[in-house]
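Modelling step: build the complete structure from the supplied sequences, incorporating the hints.
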Amino acid sequence: MKKSSKDDINIKPPKYKTSVGSKIFTVCNVIFMILFVTVTLYPVLNTLAISFNDGVDALRGGIYIWPRKWSLQNYITVLQKDNLLTGAYISVARTVLGTVLALAANALLAFIVSRKRFLFKNQLSLFWVITMYVNGGMIPVFLLYKNLHLTNSFWVYVIPGMVSAFNMLVMRTYMQGIPDSLEESAQLDGAGYMTIFARIISPLCKPVYATVALFIAVGQWNSWFDAMLYNRMSSQYTTLQYELMKLLSSVTNQSASAETMKNVANAVTPTSVRAAATIITMLPIVCLYPFLQRYFVAGLTIGGVKE
Amino acid sequence: MASKAEKVKSPVKKFDWKEFKRQKVLMIWAALFVIYGIIFCYLPLAGWVMGFQNYTPKNGLLHSEFIGLDKFRQLFSDTTFLRVIRNTLAMGVMNLVFTFVAAIGFAILLNEIVSKGGKKTVQTISYLPHFLSWIVVTGILHDILSGTGIVNELLLKAGILSQPLNFFAHPKYFWWIVAAANVWKETGWNAIIYLSAITSIDPCLYEAASIDGAGRWAKIRNIILPGIKPTIMILLLMNVGNVLNAGFEVQYLLGNGLVQSVSQTIDIYVLKWGISQNDFAIGTAAGIFKSFVSIILIVIANQIAKRSGEESLF
Chain A
1 MKKSSKDDIN
11 IKPPKYKTSV
21 GSKIFTVCNV
31 IFMILFVTVT
41 LYPVLNTLAI
51 SFNDGVDALR
61 GGIYIWPRKW
71 SLQNYITVLQ
81 KDNLLTGAYI
91 SVARTVLGTV
101 LALAANALLA
111 FIVSRKRFLF
121 KNQLSLFWVI
131 TMYVNGGMIP
141 VFLLYKNLHL
151 TNSFWVYVIP
161 GMVSAFNMLV
171 MRTYMQGIPD
181 SLEESAQLDG
191 AGYMTIFARI
201 ISPLCKPVYA
211 TVALFIAVGQ
221 WNSWFDAMLY
231 NRMSSQYTTL
241 QYELMKLLSS
251 VTNQSASAET
261 MKNVANAVTP
271 TSVRAAATII
281 TMLPIVCLYP
291 FLQRYFVAGL
301 TIGGVKE
Chain B
1 MASKAEKVKS
11 PVKKFDWKEF
21 KRQKVLMIWA
31 ALFVIYGIIF
41 CYLPLAGWVM
51 GFQNYTPKNG
61 LLHSEFIGLD
71 KFRQLFSDTT
81 FLRVIRNTLA
91 MGVMNLVFTF
101 VAAIGFAILL
111 NEIVSKGGKK
121 TVQTISYLPH
131 FLSWIVVTGI
141 LHDILSGTGI
151 VNELLLKAGI
161 LSQPLNFFAH
171 PKYFWWIVAA
181 ANVWKETGWN
191 AIIYLSAITS
201 IDPCLYEAAS
211 IDGAGRWAKI
221 RNIILPGIKP
231 TIMILLLMNV
241 GNVLNAGFEV
251 QYLLGNGLVQ
261 SVSQTIDIYV
271 LKWGISQNDF
281 AIGTAAGIFK
291 SFVSIILIVI
301 ANQIAKRSGE
311 ESLF
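Residue numbers (the UniProt record's numbering), protein chains in the order written: chain A, 1 to 307; chain B, 1 to 314.
Hints in this document: simulated from the structure, not taken from any laboratory. The structure presented is a predicted model; accordingly, all values stated were derived computationally and were not measured. For every residue, glycine included, the Cβ atom is placed at its ideal position computed from N, Cα and C. Mixed in with the good hints there might be a few duds.
What the hints assert, rightly or not - Residues from chain B that face chain A, not an exhaustive set, calculated with beta carbons under 8 angstroms:
{"hint": "1", "residue": "Gln-23"}
{"hint": "2", "residue": "Phe-33"}
{"hint": "3", "residue": "Leu-45"}
{"hint": "4", "residue": "Pro-129"}
{"hint": "5", "residue": "Ser-133"}
{"hint": "6", "residue": "Val-136"}
{"hint": "7", "residue": "Gly-139"}
{"hint": "8", "residue": "Ile-140"}
{"hint": "9", "residue": "Gly-241"}
{"hint": "10", "residue": "Ile-275"}
Unchecked claim - Here are the simulated DSS-like cross-link-like pairs (lysine-lysine), alpha carbons at most 30 angstroms apart as the crow flies:
{"hint": "11", "chain 1": "A", "residue 1": "Lys-69", "chain 2": "B", "residue 2": "Lys-157"}
{"hint": "12", "chain 1": "A", "residue 1": "Lys-23", "chain 2": "B", "residue 2": "Lys-116"}
{"hint": "13", "chain 1": "A", "residue 1": "Lys-246", "chain 2": "A", "residue 2": "Lys-69"}
{"hint": "14", "chain 1": "A", "residue 1": "Lys-206", "chain 2": "B", "residue 2": "Lys-116"}
{"hint": "15", "chain 1": "B", "residue 1": "Lys-116", "chain 2": "B", "residue 2": "Lys-229"}
{"hint": "16", "chain 1": "B", "residue 1": "Lys-219", "chain 2": "B", "residue 2": "Lys-306"}
{"hint": "17", "chain 1": "A", "residue 1": "Lys-81", "chain 2": "A", "residue 2": "Lys-69"}
{"hint": "18", "chain 1": "A", "residue 1": "Lys-23", "chain 2": "B", "residue 2": "Lys-229"}
{"hint": "19", "chain 1": "B", "residue 1": "Lys-24", "chain 2": "A", "residue 2": "Lys-121"}
{"hint": "20", "chain 1": "A", "residue 1": "Lys-121", "chain 2": "A", "residue 2": "Lys-206"}
{"hint": "21", "chain 1": "A", "residue 1": "Lys-121", "chain 2": "B", "residue 2": "Lys-306"}
{"hint": "22", "chain 1": "A", "residue 1": "Lys-23", "chain 2": "B", "residue 2": "Lys-219"}
{"hint": "23", "chain 1": "B", "residue 1": "Lys-306", "chain 2": "B", "residue 2": "Lys-229"}
{"hint": "24", "chain 1": "B", "residue 1": "Lys-120", "chain 2": "B", "residue 2": "Lys-219"}
{"hint": "25", "chain 1": "A", "residue 1": "Lys-121", "chain 2": "B", "residue 2": "Lys-18"}
{"hint": "26", "chain 1": "B", "residue 1": "Lys-21", "chain 2": "A", "residue 2": "Lys-116"}
{"hint": "27", "chain 1": "A", "residue 1": "Lys-116", "chain 2": "B", "residue 2": "Lys-18"}
{"hint": "28", "chain 1": "A", "residue 1": "Lys-246", "chain 2": "A", "residue 2": "Lys-81"}
Written out as structure tokens, the structure reads:
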């Protein structure tokens with residue numbers, strides 16, 4: 001797995017004799033890849049097209065990847081919904097705060113268990129690895145959070161999931177690869193463990209920190225179940241994904257409410273508004289992930305294989 | 001320096017108070033992490049007691065009456081629960097098989113693409129669905145499978161259907177829709193690890209095979225597949241234990257009254273009885289059953305892997 005830290009795309013493709021069979025294979029393979037890309041992208045592009053299309057017009061169908069009757073009304077409607085704005089605000093807050101805290105916690109724990117001289121390194125690792133396989137389940141966890149007064153609060157998004165054994169193991173593997181001599185020479189210079197962690201190890205771990213931060217941030221941004229389970233009663237702590245889910249279920253149930261009547265006046269439909277909300281929800285991640293590709297490719301390889 | 005380095009290499013055998021004091025800072029943090037872990041990961045396990053109690057919030061864990069396995073008996077005499085187990089297992093296994101085959105197949109085929117730029121573009125696009133939440137994915141699914149959606153349109157044009165079909169109204173399609181959604185979302189992401197495993201295969205093997213006159217298929221069958229077999233085994237082992245966990249979000253979001261009989265999974269059952277109906281005991285019992293089966297599955301898979309001389313987790 002030595003090559004894994006490099007981008008796995010930059011390798012020489014195997015060379016083949018150009019026999020007829022090989023040519024047919026190449027053509028079929030290229031066709032397959034084009035199909036694959038189409039199937040992957042089409043649903044997203046279709047939603048994008050619907051979100052920019054006039055809502056009532058979209059009901060006629062026949063919109064593929066380009067809007068027929070352009071309209072920004074869907075987005076304007078979404079941006080005027082208070083619950084969606086609150087959701088967006090909370091989603092950003094939980095993603096930022098949750099990522100920073102969880103990254104710090106996982107990094108520190110990984111630092112501790114990757115110290116070769118630490119007396120309880122195996123026990124502490126095992127203590128966390130067990131949590132990957134055994135968990136209390138939905139109900140005991142729910143009751144625990146309730147007793148800790150974490151339900152109906154913002155902190156339920158941030159505090160309980162701070163340490164993840166998987167992320168910790170990914171970081172530990174990376175830190176174990178850093179030469180001990182660095183730690184030793186810093187100690188000779190009188191540095192304590194916290195200084196070594198902050199000044200020596202952390203700067204060297206930037207790539208793995210980026211990987212883990214990306215995993216955590218995506219998880220935070222995309223999670224909705226915690227908002228539904230723990231903060232159903234407190235609309236001030238709703239998240240963007242949960243609001244989107246409510247939009248989705250209102251569309252599938254086709255409920256004719258006062259809301260729907262209001263929408264008709266604006267030439268928007270539940271479907272078109274939801275398309276706009278979907279695009280807004282996926283936008284931050286879709287814009288960012290291509291640039292972070294090399295980090296998660298490397299991180300997944302460390303974590304998956306060594307674990 | 002040399003003596004210092006040696007000292008580090010020799011592991012500390014006896015308990016060393018001096019060393020303990022030297023590591024005071026680490027110990028304090030480690031203790032904090034243990035406290036955190038006990039509260040958030042181990043304390044809920046104590047809640048399993050509820051599964052054996054006639055639990056009422058008023059009496060709490062300590063004072064509720066113990067009733068032994070009654071709740072489990074009640075659970076297994078409930079035909080809904082038996083159906084729920086079937087659904088969870090069926091969808092879990094279907095997801096596991098299809099996402100595995102799709103990811104491995106995609107990785108092998110992508111590796112055969114010669115153009116570097118093309119390969120990179122396809123791979124970047126293939127990750128996209130992984131980053132979308134299930135809310136977004138199920139919303140999109142509702143759109144493309146709706147009466148005016150692309151799937152119905154294509155089927156109508158091809159003459160397979162005579163009128164639009166509501167896919168979400170027929171139980172027979174549900175499991176396949178869930179499997180397809182999982183394949184769509186995770187194929188590119190899961191392929192990352194196989195691609196890097198393919199990359200680490202010694203290039204000499206290909207050359208040797210070429211000299212022996214092996215074609216592409218022969219190389220895929222005899223070099224690439226054996227080369228990534230250890231990776232496949234490890235991932236399979238890690239995922240077998242998750243078979244029962246793979247059944248919540250999609251099913252909850254896609255399910256509706258019409259397909260209830262095939263869409264409900266153990267987690268949905270727990271949510272319905274435990275949280276919505278406030279029957280904590282029965283919900284916990286169902287949760288215990290799920291954890292129990294998961295652990296058994298991991299252990300069995302691990303044993304099989306060990307026996308057949310493959311890599312194993314522990």
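Verification of the supplied hints:
no.: 1; hint: Gln-23; in the structure: 6 angstroms, holds
no.: 2; hint: Phe-33; in the structure: 5 angstroms, holds
no.: 3; hint: Leu-45; in the structure: 5 angstroms, holds
no.: 4; hint: Pro-129; in the structure: 6 angstroms, holds
no.: 5; hint: Ser-133; in the structure: 4 angstroms, holds
no.: 6; hint: Val-136; in the structure: 5 angstroms, holds
no.: 7; hint: Gly-139; in the structure: 5 angstroms, holds
no.: 8; hint: Ile-140; in the structure: 4 angstroms, holds
no.: 9; hint: Gly-241; in the structure: 7 angstroms, holds
no.: 10; hint: Ile-275; in the structure: 6 angstroms, holds
no.: 11; hint: Lys-69(A) with Lys-157(B); in the structure: 24 angstroms, holds
no.: 12; hint: Lys-23(A) with Lys-116(B); in the structure: 18 angstroms, holds
no.: 13; hint: Lys-246(A) with Lys-69(A); in the structure: 27 angstroms, holds
no.: 14; hint: Lys-206(A) with Lys-116(B); in the structure: 27 angstroms, holds
no.: 15; hint: Lys-116(B) with Lys-229(B); in the structure: 25 angstroms, holds
no.: 16; hint: Lys-219(B) with Lys-306(B); in the structure: 27 angstroms, holds
no.: 17; hint: Lys-81(A) with Lys-69(A); in the structure: 23 angstroms, holds
no.: 18; hint: Lys-23(A) with Lys-229(B); in the structure: 27 angstroms, holds
no.: 19; hint: Lys-24(B) with Lys-121(A); in the structure: 14 angstroms, holds
no.: 20; hint: Lys-121(A) with Lys-206(A); in the structure: 23 angstroms, holds
no.: 21; hint: Lys-121(A) with Lys-306(B); in the structure: 27 angstroms, holds
no.: 22; hint: Lys-23(A) with Lys-219(B); in the structure: 16 angstroms, holds
no.: 23; hint: Lys-306(B) with Lys-229(B); in the structure: 14 angstroms, holds
no.: 24; hint: Lys-120(B) with Lys-219(B); in the structure: 23 angstroms, holds
no.: 25; hint: Lys-121(A) with Lys-18(B); in the structure: 17 angstroms, holds
no.: 26; hint: Lys-21(B) with Lys-116(A); in the structure: 16 angstroms, holds
no.: 27; hint: Lys-116(A) with Lys-18(B); in the structure: 16 angstroms, holds
no.: 28; hint: Lys-246(A) with Lys-81(A); in the structure: 13 angstroms, holds
Comparing the model with each earlier hint shows no violations; every hint is respected.
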